[in-house]
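2 protein chains.
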Amino acid sequence: MAKKTSASFSRPKPWAEVATLLVDVAMGRKPADLVVRNGRWVNVHSGEVIAGTDLAIVAGRFAYCGSDASHAIGQGTKVVDAGGRYLVPGLCDAHMHVESGMVTVTEFCRAVIPHGTTSMFIDPHEIANVLGLGGVRLMHDEAMAMPINVHVQMPSCVPSAPGLENAGAALTVADVVEAMGWENIIGLGEVMNFPGVAANDPVMAGEIAATVRAGKTVGGHYASRDLGLPFHGYVAGGAEDDHEGTRAEDAIARVRQGMKAMLRLGSAWYDVAAQIKAVTEQGVDPRNFILCTDDSHSGTLVDDGHMDRVVRHAIAQGLKPVTAIQMATINTAQHFRLEREIGSIAPGRLADFLIVSDLAALAIDEVYSRGVRLARAGRLEADIRPYDYPATAKKTVKLGKKLAARDFDIVAPAGANEVRARVIGVIENQAPTRALEADLPVEDGLVAMDRRNDICQIALVERHRGTGGVVNGFVSGFGYVEDCALASTVAHDSHHMIVVGTNKEDMALAANRLGQVGGGVVLFSKGREIALVEMPIAGLMSDERAEIVAAKAAKLTEAMRQMGCSLNNAYMQHSLLALVVIPELRISDVGLVDVTTFEKVDLFL
Amino acid sequence: MAKKTSASFSRPKPWAEVATLLVDVAMGRKPADLVVRNGRWVNVHSGEVIAGTDLAIVAGRFAYCGSDASHAIGQGTKVVDAGGRYLVPGLCDAHMHVESGMVTVTEFCRAVIPHGTTSMFIDPHEIANVLGLGGVRLMHDEAMAMPINVHVQMPSCVPSAPGLENAGAALTVADVVEAMGWENIIGLGEVMNFPGVAANDPVMAGEIAATVRAGKTVGGHYASRDLGLPFHGYVAGGAEDDHEGTRAEDAIARVRQGMKAMLRLGSAWYDVAAQIKAVTEQGVDPRNFILCTDDSHSGTLVDDGHMDRVVRHAIAQGLKPVTAIQMATINTAQHFRLEREIGSIAPGRLADFLIVSDLAALAIDEVYSRGVRLARAGRLEADIRPYDYPATAKKTVKLGKKLAARDFDIVAPAGANEVRARVIGVIENQAPTRALEADLPVEDGLVAMDRRNDICQIALVERHRGTGGVVNGFVSGFGYVEDCALASTVAHDSHHMIVVGTNKEDMALAANRLGQVGGGVVLFSKGREIALVEMPIAGLMSDERAEIVAAKAAKLTEAMRQMGCSLNNAYMQHSLLALVVIPELRISDVGLVDVTTFEKVDLFL
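Here the protein sequences come in this chain order: A and B. Quick note, our numbering runs 311 ahead of the 1-based positions in the first sequence. Quick note, our numbering runs 311 ahead of the 1-based positions in the second sequence.
No lab work stands behind these hints, which were simulated from the structure alone. Do not take every clue at face value.
[What the hints assert, rightly or not] Result set (BS3-like, lysine-lysine): computed pairs, CA atoms no more than 30 Å apart in a straight line:
(1) B/K911 x B/K713
(2) B/K631 x A/K631
(3) A/K588 x B/K588
(4) B/K866 x B/K713
(5) A/K866 x A/K712
(6) A/K341 x B/K527
(7) B/K588 x B/K712
(8) A/K527 x B/K527
(9) B/K706 x B/K527
(10) B/K324 x A/K527
(11) A/K588 x B/K341
[To be verified] Computed footprint of chain A on chain B; a stretch qualifies when at least three of its residues, placed anywhere within it, have a C-beta under 8 Å from a C-beta of chain A:
(12) 350-364
(13) 685-692
(14) 723-736
(15) 798-809
(16) 902-913
[To be verified] If you anchor each label on the Cβ, the simulated ranges turn out as follows:
(17) B/R717 x A/A327: 51 to 59 Å
(18) A/T703 x B/G539: 58 to 66 Å
(19) B/R763 x A/S381: 49 to 57 Å
(20) A/E494 x B/G594: 35 to 43 Å
(21) A/S381 x B/T908: 23 to 31 Å
(22) B/G594 x A/R690: 54 to 62 Å
(23) A/A688 x B/A627: 32 to 40 Å
(24) B/T908 x A/R690: 47 to 55 Å
(25) B/A627 x A/E592: 24 to 32 Å
(26) A/G387 x B/E910: 31 to 39 Å
(27) A/S381 x B/P473: 31 to 39 Å
Given the structure is predicted, the values throughout are model-derived calculations rather than measurements. Just so it is clear, CB atoms sit at the ideal spot from N, CA and C, and this is done for glycine as well.
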């Protein structure tokens with residue numbers, strides 16, 4: 312098959328415009344564009360696998376799915392022999408942030424299409440925190456130019472925690488109302504301010520109401536183990552799904568309340584295995600379970616895969632293959648009211664499907680979207696051109712000054728020889744942190760780190776308005792044993808700059824370097840730059856290929872390891888330390904935040 | 312509980328208007344209107360039955376569903392102790408025609424609410440055939456005044472078979488476009504012209520496209536056992552459900568294609584038992600199966616029930632109770648994109664639920680809709696006032712002349728002593744007829760009946776425009792042994808008048824009597840009126856109570872039996888003989904119709 316140019320990625324025509332053509336092809340009156348013969352139809356409607364199935368496709372949609380499509384073959388019809396292999400609906404990622412891959416929507420698609428992803432539901436709340444509604448629009452428009460279905464959820468909580476942080480931008484109820492009218496907005500992105508919903512915060516209530524009035528889906532995010540009243544209050548507020556559960560009881564609680572339990576396997580999230588026991592051990596109806604990734608590193612995409620990885624993992628936990636596939640196809644489609652468009656191989660739906668040689672192993676030979684083969688044998692065939700981001704999207708790191716080591720000084724209370732300080736405790740493989748405390752020595756009036764006990768410094772450097780503001784604190788868990796500092800402008804969700812270091816000189820060097828390259832992540836050690844991933848788009852995304860970004864990120868990971876850090880996904884842990892919506896202790900541009908009480912707290916006890 | 316007046320049946324407020332109130336109640340900040348304590352929650356989302364469940368209800372919606380709603384009880388909160396009984400979502404009838412009950416929407420609701428029905432999806436295509444779009448609007452508006460959810464499907468095929476019949480009115484694509492904008496239109500009613508869909512008939516294609524563009528559901532009706540190309544062509548045309556299947560393979564074929572298999576148990580349809588084997592024996596995923604009644608006699612409603620009867624029957628076929636209940640609740644709600652509103656006991660949904668003392672037997676103690684108890688112990692408590700139909704809706708039987716016995720003469724071909732004639736063959740318990748043939752004697756130039764072989768006369772009397780037209784033919788299967796004639800202005804779908812008789816004098820008397828009372832059904836024998844059910848509204852519906860209508864209908868049935876007819880649902884069989892969309896042979900105002908070829912055929916071979 313000839314390579315397709317990006318010019319051929321026009322939006323698929325609405326069903327109603329091509330319905331009579333579908334009928335003509337189904338009846339044999341007109342030829343199909345593509346006929347696939349002799350496959351095993353993985354039927355997510357009936358739950359069956361049906362051998363000897365032919366598919367006829369025209370105008371990017373399935374016209375006929377049955378035992379013999381020979382009547383739909385005419386001159387010009389391309390015929391593909393599936394040779395008894397499985398025909399699987401294209402996989403859907405029900406909730407994810409492209410920015411987590413450090414790449415653009417375009418490069419993300421290039422990376423995941425060979426893994427069988429044909430629909431993504433992306434919540435661009437990272438770029439929204441930097442560039443506001445305009446940033447959402449940029450990714451919305453880029454998404455529409457893709458050869459697969461990239462639906463955009465309108466970010467709901469920008470900033471994530473008003474009053475506890477100042478992001479680069481803020482979205483309002485009026486913004487949500489406006490965005491609900493955009494062609495490619497599928498719903499409201501994860502409503503993270505769960506205490507706000509339960510408290511009837513007018514912004515949360517207003518955004519949710521606007522979404523429901525528009526007939527769209529309200530994404531949830533209830534990041535708490537408390538299944539009592541705060542949970543019930545949140546549910547009553549209208550969230551329709553949640554991907555923050557970690558235990559089987561979390562999944563069951565959500566499903567019972569009429570929500571979809573979204574089970575997440577991201578680069579750093581391992582929430583499927585525990586929760587899927589609700590189905591495999593407790594017999595809960597699987598129809599309300601949905602798989603997603605939430606956050607995937609480019610390295611994960613390149614090395615391990617995307618939704619194919621999640622489906623394989625779910626099968627490995629004991630789900631029937633077709634049940635796991637339902638959770639990444641039709642269940643997702645139904646949730647977003649798209650069951651007429653995607654999520655199954657059935658007449659009228661977009662012809663997004665995979666040819667798979669081993670179902671349990673989900674060995675994907677070929678990937679089709681809208682009837683066009685985009686990838687084969689793990690290699691992208693489509694030529695998807697880079698998307699042109701405007702210059703304003705690339706000049707977002709504003710430090711206001713050149714930082715020096717003294718900007719990271721932590722002055723002790725007058726006369727103190729030792730202080731008891733709060734310390735952010737990183738937990739391996741989990742998003743929540745622990746609120747630790749430590750007794751730290753005072754030297755020359757400044758509080759010192761305790762490197763023997765893995766307590767080093769963390770700083771939140773304001774980078775949206777050039778205020779020169781720096782908030783300093785302590786963090787434990789990275790295990791750095793060398794003199795070093797890591798700085799990142801990916802700093803969920805407000806995306807200032809987080810700098811973690813064992814010495815202040817390297818902290819300053821790292822911060823200044825990111826100011827110079829327009830953002831990204833950099834590691835300095837003893838005055839030398841050890842690793843750098845440039846992310847000039849909003850300080851969040853590279854404009855390079857995922858493989859290149861993955862290689863740079865791998866180099867960064869290796870460098871962090873050489874500094875003594877043995878965490879899985881150490882960089883992601885770094886970038887989450889300002890996420891003031893997930894317990895227990897975080898840092899923001901306004902100070903340290905207790906995310907159990909949602910209050911600013913002092914560094915010293 | 313005090314009886315409610317009809318004035319209290321205001322439309323429920325949209326979710327978005329009461330969301331913050333729901334949150335306040337869930338959180339215990341405001342009192343609920345109603346709290347139900349200690350029930351067994353039949354959870355159609357998870358498939359579980361959860362003991363020890365409390366429900367808190369406000370503004371007609373569930374605010375809290377969980378283990379303890381004591382925090383929602385305040386002054387003025389009514390508290391009901393479920394005493395460990397089951398809490399079941401209110402039942403939904405996914406496809407039905409109110410007119411089949413011979414009563415108004417109001418009286419239908421009065422009859423079925425004690426049986427646990429809280430949502431109905433009605434297709435008023437009978438009244439549409441008589442009164443056109445105005446008739447649809449009448450029932451649409453009546454439906455909105457009900458204390459339960461009565462959603463209206465816009466009739467798609469009026470007349471059912473253009474060219475093969477002339478109804479009292481015709482609906483156009485423009486009518487469908489208009490109706491899709493009405494508040495209470497949920498989708499397009501069964502698209503019965505299945506050959507038209509497969510042939511890309513522009514009216515069918517236009518109506519379906521208008522429905523899809525409006526985001527509403529396209530109802531199907533594929534009344535054929537042919538699962539080959541005509542079926543595939545029909546599916547490609549956009550129908551989303553079908554209730555015409557009769558075999559397990561029919562149900563499986565529909566589900567595989569992404570349609571919902573609607574399994575029907577009407578007064579005369581017994582299509583659940585065979586098709587449900589797809590689930591109970593072949594393991595097909597039950598999520599795409601939906602239960603409905605399609606057509607229920609008032610007698611069935613009064614004596615046997617409505618959707619409770621169907622659910623009980625499904626359980627008796629071997630479905631788990633919760634699976635059968637899913638097929639009459641959440642599956643239906645999802646199909647019509649109403650899962651946020653109805654179909655489950657979960658926060659935000661309308662508080663439509665049943666208190667049930669035995670789940671497998673579905674013994675319904677109490678029925679609540681929108682948080683108000685409407686029935687208890689099988690007795691309606693709500694005071695639902697009659698709906699006022701305008702005079703024009705009650706003057707629809709226009710015969711144009713007084714009929715005489717000679718109007719039913721069937722003149723033989725010149726010189727014939729015997730003729731070979733087509734005979735409509737009634738099949739017990741099935742809607743299709745057989746195209747029979749019989750050799751009939753000629754007496755005085757007129758073809759005679761063959762009463763020994765159960766061949767009597769049938770006449771289709773034009774009654775919409777007063778043309779005086781009468782089409783005569785033969786029918787077999789009723790078993791009449793006495794001198795008698797039965798006339799009915801319920802004559803699907805064009806609703807002229809069907810007269811079946813063993814002598815022409817009684818045929819004329821019966822026809823004229825219906826002209827006098829404005830329609831209905833009447834049995835004459837030897838010049839005497841034996842039974843009459845008046846149906847002055849469009850000649851289709853009584854304005855009396857269902858019990859009264861049922862009693863009159865029972866008297867009619869008994870009278871038919873005395874005449875020698877031993878068919879189950881004999882009257883329904885009578886009323887379907889002009890239904891020129893279901894094979895094999897029918898009668899219409901234009902003549903005899905072969906419904907395998909959709910062509911008019913001669914009476915004589």
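List, from low to high, the hint numbers that the structure doesn't satisfy.
Hints 7, 9, 11, 13, 14, 15, 16, 22, 23 not satisfied by this model.
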